[in-house]
Amino acid sequence: MRFTKDHEWITVKDGVATTGITAYAAGQLGDIVFVELPTIGKALKPGDGLAVVESVKAASDVYAPVAGEVLEINGDLAEYPELINQDPEGAAWIARLRLSDVSQIDALMDRAGYDAWLEER
Amino acid sequence: MTVRPLMRTPLHAANAALHARFTAFAGHDMPLHYDQGILAEHRWTRSHAGLFDISHMGVAVLTLNRPTGDPVADDLAVATALEALVPGDLRGLSRGRQRYTMLLNGAGGVIDDLMVVRVGPPGSLHLVVNASAKARDYALIGRTLAGVASLTPLTDQVLLALQGPEAAGALGLILPQATTLAFMDAGFQRFGPAQLLISRSGYTGEDGFEILAPASVAGALWAQLLDDPRVKPIGLGARDSLRLEAGLPLYGQDLDESVSPVEAGLRFVVSASRLHAGDMPGADRLKRELAEGPRRVRVGLRVHGAPARADAPITSGGQIIGRVTSGAFSPTLGAPIALGFVPPDLATPGVELSVLVRERPQPATVVPLPFVPHRYVRQA
Numbered sequence: 002m003r004f005t006k007d008h009e010w011i012t013v014k015d016g017v018a019t020t021g022i023t024a025y026a027a028g029q030l031g032d033i034v035f036v037e038l039p040t041i042g043k044a045l046k047p048g049d050g051l052a053v054v055e056s057v058k059a060a061s062d063v064y065a066p067v068a069g070e071v072l073e074i075n076g077d078l079a080e081y082p083e084l085i086n087q088d089p090e091g092a093a094w095i096a097r098l099r100l101s102d103v104s105q106i107d108a109l110m111d112r113a114g115y116d117a118w119l120e121e122r
Numbered sequence: 002m003t004v005r006p007l008m009r010t011p012l013h014a015a016n017a018a019l020h021a022r023f024t025a026f027a028g029h030d031m032p033l034h035y036d037q038g039i040l041a042e043h044r045w046t047r048s049h050a051g052l053f054d055i056s057h058m059g060v061a062v063l064t065l066n067r068p069t070g071d072p073v074a075d076d077l078a079v080a081t082a083l084e085a086l087v088p089g090d091l092r093g094l095s096r097g098r099q100r101y102t103m104l105l106n107g108a109g110g111v112i113d114d115l116m117v118v119r120v121g122p123p124g125s126l127h128l129v130v131n132a133s134a135k136a137r138d139y140a141l142i143g144r145t146l147a148g149v150a151s152l153t154p155l156t157d158q159v160l161l162a163l164q165g166p167e168a169a170g171a172l173g174l175i176l177p178q179a180t181t182l183a184f185m186d187a188g189f190q191r192f193g194p195a196q197l198l199i200s201r202s203g204y205t206g207e208d209g210f211e212i213l214a215p216a217s218v219a220g221a222l223w224a225q226l227l228d229d230p231r232v233k234p235i236g237l238g239a240r241d242s243l244r245l246e247a248g249l250p251l252y253g254q255d256l257d258e259s260v261s262p263v264e265a266g267l268r269f270v271v272s273a274s275r276l277h278a279g280d281m282p283g284a285d286r287l288k289r290e291l292a293e294g295p296r297r298v299r300v301g302l303r304v305h306g307a308p309a310r311a312d313a314p315i316t317s318g319g320q321i322i323g324r325v326t327s328g329a330f331s332p333t334l335g336a337p338i339a340l341g342f343v344p345p346d347l348a349t350p351g352v353e354l355s356v357l358v359r360e361r362p363q364p365a366t367v368v369p370l371p372f373v374p375h376r377y378v379r380q381a
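Just so you know, the protein sequences line up as chains S and B, in that order.
Numbering of the first sequence is given in our numbering, commencing with residue 2 and proceeding in unit increments.
Numbering of the second sequence is given in our numbering, commencing with residue 2 and proceeding in unit increments.
These are computed hints drawn from the structure, not numbers from a lab.
Take the hints with a grain of salt, since some may be wrong.
Unchecked claim - When the alpha-carbon atoms are kept at most 20 Å apart in a straight line, the in silico SDA-like pairs for lysine to any residue are as follows: (1) K14(S) to A68(S); (2) K46(S) to S104(S); (3) K6(S) to A79(S); (4) K6(S) to S61(S); (5) K43(S) to E360(B); (6) K46(S) to A68(S); (7) K43(S) to R361(B); (8) K288(B) to A85(B); (9) K43(S) to R359(B).
As the structure is a prediction and not an experimental result, all values here were calculated from the model.
Work out the full structure, taking the sequences as your base and the hints as a guide.
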């Protein structure tokens, strides 16, 4: 699992990436009440808006960690947005992307790096 | 550049000990929520009793400079003095009662909304104003009433709110006399060595109390209330979602200096007899709005889709016709709700409009206020 400084996580298997927001981000946002998911087929560059996660009081943007095309979105989040608070790095994945360039993952922080970076900021 | 540190309430350490997540609000370091989180705190308040530290608000006492010593005359005089700034009937405010009113500018726009309480020595009134506006309010009142009455902001006090269906039960164990208060009654009650000012009122739509206490007993009062299993600490996050469900306006969002009480749907604050006499700021505009209708009206909206937030445009037939002033997810209704201004002819419940969220239109239906029924105890 790799991490961005915008608190997205990403895992890859056979050229398909799964991404969501980290437990740290979910904790900071508080109770999630609504998730706006991307449309399937949407093409993204790193840093493009991928989704919007809404807490009671505010909306937060989720960004694409790497370049890719949206293959699949997590329909469970439409019915159970609170899943993000319960299992943000597992069942509450947000989207699956077909990657244009798998090597972009290598540039991202690993778990130890992300945890250390959280400590320092 | 000097950065002024946030002000802390006397209960800051107690809030920190309860793992409050703090947020900056009106220059104060306030609990946004505690361990439960906003949704759970909101639901707890509607089903049990929520305890809020709202000490950031402004509490001040207005007193006559030259009381005559005749209680009736002095009460009349201080009320008359403050009526220069408000549309309400303060002269008729009885001892032991509180009234919701507004400071209006010369154009009939709202400078702040506040509670005026008739308790304490004759010739005095307690005022409770919004944290965000208190400096401006105090300056305005001081200037306008100069020579007749003086305003003394209270310091070293805490203001607590205990709200919810179990609030009376919990408070009654500590302050038995409190439960004899009916909605909008107020009075002093003893707690240990101190006098507390208690009113039966709040900002959630639930039955509840607001309690002004000296800082010296604040810790003990806070702890005793939280000892009751029916009571949990609640932050400003849930305070906002609760008042929104109750259809109550937030100054700075739903009310500002361009908004009149009639536009805000709060015409009950305008005394008919005083308006008839032209005896209030903005009388001309208020008379016209009451006779012909205002240009815009505050309504409640049930939004279908993503929550609409403050400043989201409201459209009808593809045209922008209004603006959301407050919006959030309603835990009780399980859906987004919003307050906003629309033209009067679109202000009827059932009218279908749209709200632009991230530039995309979402359906929104006009619904009656409040979104969640009030449960005030009007007879104790």
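Results of checking the hints against the structure:
1. This hinted pair checks out: K14(S) and A68(S) have alpha carbons roughly 15 Å apart, not beyond 20 Å.
2. A hinted pair counts as satisfied when its Cα atoms are at most 20 Å apart, and K46(S) with S104(S) qualifies at roughly 14 Å.
3. Proximity of K6(S) to A79(S) is assessed by CA-CA distance (about 26 Å); at most 20 Å being required, the pair is judged violated.
4. Taking the CA atoms of K6(S) and S61(S), the gap is about 14 Å. The hint holds against a cut of 20 Å.
5. Restraint check: the Cα-Cα separation between K43(S) and E360(B) comes to about 18 Å, which is no more than 20 Å; the hinted pair holds.
6. Restraint check: the Cα-Cα separation between K46(S) and A68(S) comes to about 4 Å, which is no more than 20 Å; the hinted pair holds.
7. Between K43(S) and R361(B) the alpha-carbon distance is near 17 Å, which keeps this suggested pair within the 20 Å criterion.
8. Taken as a hint, the K288(B) and A85(B) pair is honoured in the structure, with Cα atoms around 17 Å apart against an allowance of 20 Å.
9. In summary, the hint linking K43(S) to R359(B) is supported, as the alpha carbons are separated by about 17 Å, within the 20 Å threshold.
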